[in-house]
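**Student:** Residues per chain, in single letters:
Protein chains: 2
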Amino acid sequence: MSQYRIEVRVKPRPGLLDPQGKAIHHSLNSLGWEGVHDVRVGKAIYIDLDAADEAAALEAAGVMCRKLLANPVTEDFEVTMVGALEGAGS
Amino acid sequence: MSQYRIEVRVKPRPGLLDPQGKAIHHSLNSLGWEGVHDVRVGKAIYIDLDAADEAAALEAAGVMCRKLLANPVTEDFEVTMVGALEGAGS
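Heads up: the sequence lines are chains S and E, in that order. Each residue of the first sequence is one higher than the last, beginning at 11 in the numbering used here. Each residue of the second sequence is one higher than the last, beginning at 11 in the numbering used here.
Since the hints were derived computationally from the structure, they do not count as laboratory data. In this text, a Cβ means the ideal position worked out from N, Cα and C, and glycines have one as well. Worth double-checking, as some hints may not be accurate.
Residues from chain S shown here face chain E by an in silico Cβ test under 10 Å; the list is partial [claimed, not checked]:
# : residue
1 : M11
2 : L38
3 : W43
4 : D48
5 : V51
6 : A61
7 : D63
8 : A65
9 : T84
Can you make the complete structure from the sequences, with help from the hints?
**Tutor:** Right, dumping it as structure tokens:
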């Protein structure tokens, strides 16, 4: 059993309203970045967990997304491995 | 001038309180994932912008983080290139 850090990115599906993204988009334009055309805001979630190997850690994180972290109707998610953590097995 | 999509991840600095992460951590443990040791929650921000090249797009996104997107006292940020968008130059 090793300890891994997983990064999950949850973002609003294309076409769905994203008021936080709209607000940041407007602010960036107001601050002078006229070349910004769109901003979408989601969540970046970092999970430290025990798993037998990298594949098992990624699989577990995918299940967490479907059960808790992402709204399947309005959000998409991506799961990536950050790496194994030192001091694992404690 | 091409159009690029940049991904920015803003996360709470290590050691700082993260109540949203604590809540997700507790929920995951309650749902049976006993092997989850820590959860941190930040923002994933996707920015579509015009820039001369990839380096200029990344540079602009870094400035946006320092001026607006991240709190320099409590948050760290990472900027990565997602890629050039098709239909650019319009």
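**Student:** A separate judgement is required for each hint: does it hold in the structure or not?
**Tutor:** Hint by hint, here is what the structure shows:
1. M11: holds, 8 Å
2. L38: The hint holds - L38/S has a Cβ within 10 Å of chain E, the shortest such distance being about 6 Å.
3. W43: With Cβ-Cβ at 7 Å, under 10 Å, it holds.
4. D48: Given a least distance of 4 Å, the restraint on D48/S holds.
5. V51: Because about 5 Å separates V51/S from the closest Cβ in chain E, which is inside the 10 Å limit, the hint holds.
6. A61: holds, 7 Å
7. D63: With a closest approach of 13 Å, the D63/S hint is violated.
8. A65: Violated - the Cβ of A65/S stays beyond 10 Å from chain E, reaching only about 15 Å at its closest.
9. T84: Violated - the Cβ of T84/S stays beyond 10 Å from chain E, reaching only about 15 Å at its closest.
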